[in-house]
Amino acid sequence: MRVVIADDAVILRDGLAQLLELRGHTVVAAVRDAEALERAVAEHVPDIAVIDIRMPPTHTDEGLRAALRLRRDHPGVGILLFSQYVETRYVKDLVAGSAAGVGYLLKERVADLDDFVDALRRVAGGGTALDPEVLPHLLGAPRGALDALTPREREVLALMAEGRTNDAIARRLVVSGRAVEKHIANIFTKLGLPPSGDDHRRVLAVLRYLEGT
Amino acid sequence: MRGERAGKELAYILFGMVFGVLAAAFTAGVLLLGTVLSVTAIGVPLLAAGLLGARRLGGAQRRLAAALLGERIEQPPPRRELPGFYGRMQSRLTDPYGWRAVAFFLLQPPQALIQAATVIVTWCWGAVALTFPIQQALGWNRVEGGWTLAGFALEPFPRTLLVSLAGLCLLWLAPKAVHLVLLPHRLLLRLLLGPRRPAARIRDLEESRALVVDESAAVLRRIERDLHDGAQVRMVSLIMQLTLLRESVPEGSARELAGKAQETASLAVRELRELVRGIHPPVLDQGLEAALTALADTVPLRTTLDAAVPRLRPAVESIAYFCVAELLTNAAKHGGADEARVDASLDGDLLRVEVADDGRGGATVLPGSGLAGLRDRVGAVDGRLLIHSPAGGPTRITVELPADR
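Sequences listed follow chains A and B, in order. Under our numbering, the first residue of the first sequence carries the number 1, and numbering increases by one thereafter. Under our numbering, the first residue of the second sequence carries the number 1, and numbering increases by one thereafter.
These aren't lab readings, by the way, just hints derived from the structure by calculation. A couple of the hints might just be wrong.
Here are a few chain B residues that face chain A, going by a calculated C-beta distance under 10 angstroms [claimed, not checked]:
| hint | residue |
| --- | --- |
| 1 | R196 |
| 2 | R197 |
| 3 | R201 |
| 4 | R225 |
| 5 | H228 |
| 6 | Q232 |
| 7 | V249 |
| 8 | S253 |
| 9 | E256 |
| 10 | L275 |
| 11 | P282 |
| 12 | V283 |
| 13 | A290 |
DEER-style ranges, computed between Cβ atoms [claimed, not checked]:
| hint | chain 1 | residue 1 | chain 2 | residue 2 | range |
| --- | --- | --- | --- | --- | --- |
| 14 | A | A42 | B | V365 | 23 to 29 angstroms |
| 15 | A | K182 | B | G259 | 30 to 36 angstroms |
| 16 | B | A41 | A | H44 | 45 to 51 angstroms |
| 17 | A | K182 | B | E256 | 35 to 41 angstroms |
| 18 | B | E251 | A | A42 | 48 to 54 angstroms |
| 19 | A | V174 | B | R255 | 21 to 27 angstroms |
| 20 | B | E247 | A | P132 | 20 to 26 angstroms |
Virtual Cβ for every residue (Gly too), placed ideally from N, Cα, C.
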């Protein structure tokens with residue numbers, strides 16, 4: 001993958017670049033603010049941009065707003081928000097149209113490099129990767145159709161929203177693949193999703209989950 | 001007793017006059033120089049130093065007055081200084097007691113003139129006149145061509161005794177005159193070097209409290225920033241380095257240990273995040289509405305929010321935020337509510353935040369409870385906490401905060 005990194009802390013830019021290069025990925029640019037990020041993405045058109053949310057000058061949500069603009073201007077570039085905080089404002093906007101090619105991970109997730117690189121690859125490939133800590137915030141209070149789901153089904157749905165495959169979900173929950181399929185079928189039914197291509201329904205279910213309707 | 005007072009008052013005029021005039025010269029000099037130099041970098045510090053100096057000199061004058069005049073003037077309230085160079089300058093330049101001391105000393109020279117004249121006319125002339133016959137006898141004081149007053153010769157002896165008599169009168173008058181001439185001075189001492197009247201003092205206290213509240217909000221925000229840019233970054237960097245370590249050593253105990261260290265570091269990062277959320281949620285930097293929106297997303301309640309308010313004092317935003325956080329948590333935890341409504345509106349200078357829920361009500365302020373803590377927080381900015389929570393519900397709690405002070 002060709003990666004652009006935006007983070008105002010130089011030790012994190014360097015550390016992340018080192019880790020990604022260890023796995024054979026190319027960091028084409030590592031910048032410290034949103035403006036430079038947009039320039040770098042326009043210049044290199046990377047597979048994915050890893051973006052810190054709080055960057056100069058105001059250290060509030062520069063990264064998020066830059067991500068929204070990148071989404072509009074370069075829809076093919078995967079966006080991974082990489083933050084120390086759970087920030088829900090604008091993130092809903094970011095995933096509202098489609099959660100495809102968007103991710104949000106807390107910074108400590110680099111502890112598991114395999115998982116982390118997997119998440120990056122999913123986002124770069126048009127999938128999603130949402131941090132388990134971030135999801136409940138995006139989901140907010142249980143409401144509407146989601147109320148009908150059992151706790152286990154919600155767990156499965158949350159893992160789907162993280163962009164995991166059925167096999168990965170089965171491994172994570174330590175259940176059989178068939179059990180996962182059953183849960184997913186129930187989720188589709190309860191959310192009133194029409195029987196069509198599974199992948200399409202998956203995305204719809206995740207979106208509904210994210211919108212919380 | 002009388003003699004003692006007369007002596008002390010005379011001593012006060014002698015010492016106090018010299019001190020007051022020197023202090024006036026210092027004050028006027030520094031202020032003038034500071035004003036002239038205010039176009040340069042040293043003007044403002046000089047002015048600030050002048051005001052601080054005037055206040056300290058005022059203290060010395062007050063002690064002198066206490067010792068010699070028996071004027072027990074209360075000390076003005078202690079000075080508070082904001083941190084940092086500019087804070088220090090600002091605190092000194094806006095210190096009302098500094099300016100009052102300046103006014104006091106600038107009024108000293110004319111008073112000193114009158115006081116000196118009084119002492120000379122009464123004590124000095126009285127002493128000279130009283131001893132006139134002796135001076136004559138010793139040949140110290142010879143009036144050329146004889147001393148006459150309205151055609152009446154005052155010489156020689158025993159007529160010179162008349163002069164002595166006049167001197168005696170003057171000396172008898174002297175303590176009274178000195179006491180009289182010091183009355184306006186005593187008034188100025190009390191007025192300008194003592195504490196101000198209660199109303200002004202209360203206003204001062206309110207202002208300084210508002211400063212303290214704002215300052216503490218700013219400090220919390222700075223702590224949050226420092227943690228974010230410092231400790232948290234380093235912890236994440238540590239996690240990255242441990243990942244590198246794990247990648248570069250063969251499978252075995254070293255790799256396992258690095259993994260354990262990572263778990264600890266991740267825990268620390270999470271704890272720091274929780275800590276920061278408790279002292280100053282970063283989203284508050286984007287205003288109350290943004291912060292409340294984010295908050296509504298995290299509570300286990302269906303929450304409707306209407307909080308279209310402009311940016312306010314950070315301290316007020318912070319208090320309002322933590323109130324709503326506590327009230328929503330209470331509603332879910334103790335009230336058993338499913339739904340809540342949060343309405344924030346600005347009514348003139350008053351921020352009104354109402355949190356209503358459909359729980360079972362009965363919320364009361366118990367000592368040490370969350371609501372008591374809220375009432376204290378709200379009280380710090382002269383706000384009010386209005387609780388309407390009949391048993392059986394619903395609960396409606398309104399927080400009123402003066403938003404513009």
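To see whether the hints hold, each was checked on the structure:
1. Here the hint on R196/B is broken, as its CB sits about 41 angstroms from the closest CB of chain A, past 10 angstroms.
2. Proximity of R197/B to chain A is violated relative to the hint, the smallest CB-CB distance being about 45 angstroms (cut-off 10 angstroms).
3. The beta carbon of R201/B comes no nearer than 40 angstroms to any beta carbon in chain A, farther than 10 angstroms, and the hint placing it at the interface is violated.
4. Below 10 angstroms, beta-carbon pairs count as interface contacts, and R225/B has one with chain A at about 7 angstroms; its hint therefore holds.
5. For H228/B, the interface hint holds, the least distance from its beta-carbon to any beta-carbon of chain A being 7 angstroms, beneath 10 angstroms.
6. With a least beta-carbon distance of about 5 angstroms to chain A, the hint placing Q232/B at the interface is held under the 10 angstroms criterion.
7. Of the supplied interface hints, the one on V249/B is violated, with its beta-carbon coming no nearer than about 13 angstroms to a beta-carbon of chain A, more than 10 angstroms.
8. Annotation: interface hint on S253/B violated; nearest CB of chain A at approximately 18 angstroms, more than 10 angstroms.
9. With a cut of 10 angstroms, the hint placing E256/B at the interface with chain A is violated, because the nearest CB-to-CB distance is about 14 angstroms.
10. This hint is violated: L275/B has a C-beta 12 angstroms from the nearest C-beta of chain A, more than the 10 angstroms allowed.
11. Taking 10 angstroms as the C-beta contact cut-off toward chain A, the hint placing P282/B at the interface holds, the least distance being around 6 angstroms.
12. A least Cβ separation of about 7 angstroms between V283/B and chain A falls short of the 10 angstroms threshold, and the interface hint therefore holds.
13. The beta carbon of A290/B comes within 5 angstroms of a beta carbon in chain A, closer than 10 angstroms, and the hint placing it at the interface holds.
14. As the Cβ distance of A42/A to V365/B is approximately 58 angstroms, the hint placing it in 23 to 29 angstroms is violated.
15. The beta-carbon spacing between K182/A and G259/B, approximately 34 angstroms, falls within the hinted interval of 30 to 36 angstroms.
16. Distance hint check for A41/B and H44/A: the Cβ-Cβ separation is about 47 angstroms, which falls inside the suggested range of 45 to 51 angstroms.
17. Taking the beta carbon of each, K182/A and E256/B are about 36 angstroms apart, inside 35 to 41 angstroms as hinted.
18. For E251/B paired with A42/A, a C-beta distance near 43 angstroms fails the hint of 48 to 54 angstroms.
19. The beta-carbon spacing between V174/A and R255/B, approximately 24 angstroms, falls within the hinted interval of 21 to 27 angstroms.
20. For E247/B and P132/A, the hinted distance range of 20 to 26 angstroms is satisfied, since their beta carbons lie about 23 angstroms from each other.
In summary, the numbered hints that this structure violates are 1, 2, 3, 7, 8, 9, 10, 14 and 18.
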